[in-house]
Amino acid sequence: MRKPALIDRTRLECAGTVLTAQLALEHGLACNLAGGTHHAHRSFGSGFTILNDLAVAAARIRATTEVRRVAIVDLDVHQGDGTAAIFADEPDVFTMSMHCGKNFPFRKQVSDLDVDVEVGTGDIDYLRLLRGALEQVFAFKPDLGGVRTYLVGPSWLS
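Going by my numbering, the first residue of the sequence shown is number -4, and it counts up by one from there.
If a hint is listed, it holds; no wrong ones were tucked in.
Straight-line distance between alpha carbons at most 16 Å, and here's what the computed EDC-like set of lysine to aspartate or glutamate pairs gives: (1) K97 with E113; (2) K136 with E61; (3) K136 with D107; (4) K103 with D71; (5) K97 with D71; (6) K97 with D111; (7) K136 with E85; (8) K136 with D87; (9) K97 with D109.
FYI, nobody ran anything at the bench for these hints, they're computed from the structure.
Put together the whole structure using the sequences plus the hints.
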């Protein structure tokens, strides 16, 4: 059974994330509150997601601009397993996922950098972990039009 509302929502999420990446290149900062469908893999949906908007945006930006090296920083409570799997063999896309290791997806993929956050981690410890992780992202030296801008996944939800 075709679900037009779901298809429309999925298309708009992807288009919104592509637009957000384009605006970030143009203005240095942009935000898409609807994106972050990081569980969808290349050939199948997962975790209530059909398409991976972060992967679509990274691929589109790399195909239509001078950008080659992209970092995807995913700060959701769940690992960005689809994003990690899609870009596993792409040396110019760095995937970082900072997530709780004891929840969905139960079979984790390998990101370029996975940071397992323990249940009950407080703000100060979380920010310390994030600082260390971002140092590794910066060492990758991503380039989005010569500006260090990142495609960022959904915010950490407690």
